[in-house]
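K.L.:
What follows is each chain in one-letter form.
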Amino acid sequence: MSYEVYTCTLESQKEIAPNIVEAWVVNAELAAKAKPGQFLHIQCGDATSMPLRRPISICDVQGDRVCFIYEVKGRGTKSLQQQYGELDILGPVGNGFTVDNGKYKCPAVIGGGIGVYPMLFLTKQLKGAVAYIGFRNKDLVTLEDEFNKAADSVTLTTDDGSYGVAGFALEELKKDCETKQFDIIYACGPKGMLRAVKAFAEGAGIPCQLSLEERMGCGIGACLTCSCETTHEGTDKYKRVCRNGPVFWSEEVVL
Amino acid sequence: MNMKVKIAGVELNNPIIAASGTFGFGHEYGELYDLNEVGAISVKGLTKAPRAGNPPPRITETPGGVLNSVGLQNPGVDAFIEKEIPFLRQYSCKIIANMAGSTFEDYCEMAEKLSAVDVDMLEMNISCPNVKAGGAAFGTNPDTVFEITKTVRKYAKLPLIVKLSPNVSDITETAKAAEAGGADALSLINTLTGMAIDIKTKRPILANVIGGLSGPCVKPVALRMVHQVYNSVNLPIIGMGGISNGTDAVEFFLAGSAAVQVGTANFTDPYACVRIRDELKEYMKAENIANVSDLTGQLIVD
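Protein chains in written order, with my numbering: chain L, 1 to 255; chain A, 1 to 302.
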């Protein structure tokens, strides 16, 4: 893996839903290297008061422009929203999704909440993707048109039924399994959703890749802080989300 | 401009040392820059047997700082000797083997093993706040610091650095105890114990509840301790605690450091070690200082 820190022009930031911000940065090298499932490790403002970068998934790449969408949640993301001009970005970081168009004929893509965003870049690179995207409510529904363009079919759900199908995206995916022969499931979302996706995929015998999230330090694999529990023993019990992931085969991780 | 410094007889190309636990065994940062650029690397804390570490979350940011509780995840001293030394030896930077034990015997055994292989210095971590046995328990009592230093000294054939804990009422007591026990150098400070709470879940953010605080927010504490220790012992001091730029490094030299370690700043800026070295050079140029070692202890107190 080759790591680099780029100074990127911050082209735009726009709140596309309550506390959900879509940002576009310009950097040809970063854009050329980015793969679905990888993330950017972003300095969000004054480094003396905020020594840690924030890891945010890549949502889309268009030419030399890279898009990421984040939720304004804590000090870091609040500060990030105020940034303009340039951004200091370490990336693209991590192992992305395994995109093998020859191998997987019927891929299912599932995203929940802010976990929807990295799935757009992935969906665009797949052939015949069937997408399931879930949001908490109508206000938070975003990227619907983009998914409709990128996927063969899209099922949109909201937890409260205020838009699309009521309920969880996974339930819709499960129903479709009666008619569709998915040969891989790609997922990103809250831990509870990933746990359920993992259990379902493994029960149904469908290979499954999960994109994980963890509080992170260096972002390059040196500090051993963004750990996830795996099925391995000994010093491999905890693997590094930043370097070994953030995308893992479901069988390898314990959620 | 002479950036070389000598600590306990070991000459470093420059006084910037990557701090233990923030730099692994150098592989990752070695992908970003040439490791010959740093004076030394204090490797990830080693234990006698491999350790899996603490469950996540292991890190969180606090204003101006970072709390961590990795819990000494490492492949063990034998794997270090077999796999990591050959990698690090490709570079001119010195290798500091950081040892973290649960018992006196652990430290003795590691010191003996590491003295027989190709590393340059030993750093005895008796101040890790993130493990249940040993660690900080050894580092906070002056009598124990004396005893463990004296005991490990017999097995250490290489310069022995004792890394001091800031979680004490008077750091000069533990510093003097390490000196009396036969330490060749002191490094300070390790992290300050701290915690963070998520008010929504009403739970600690770190799975280990308590972690070690580092970063810019600890710098004034670290600087004060380096100053006090410099005035209390006759050992070279490796200063650390929130050093993020050349100015910070100069402050630590003035307070009495012979070299400095850079830790948390690596997370902020992966090139921090190299940048800080260059900024230190700029200061020396502007102030017309020929040898970086001339800066040590040059604090003026009226």
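Honestly, the hints are just simulated from the structure, not real lab data.
Every residue, glycine too, gets a C-beta built ideally from N, C-alpha and C.
A few of these clues could be false.
As the list claims (entries may be wrong) - Short derived list, chain L residues pointing at chain A, Cβ under 10 Å:
#, residue
1, Glu71
2, Gly74
3, Lys78
4, Gly102
5, Gly128
Claimed, not checked - Computed list of lysine-lysine pairs in DSS-like fashion (alpha-carbon distance at most 27 Å, straight line):
#, chain 1, residue 1, chain 2, residue 2
6, L, Lys73, A, Lys285
7, A, Lys285, L, Lys78
8, L, Lys149, L, Lys105
K.L.:
Let me make sure I understand: some of the numbered hints might not hold for this structure. Which ones are they, in numerical order?
P.N.:
Structure breaks hints 1, 3, 4, 5, 6 and 7.
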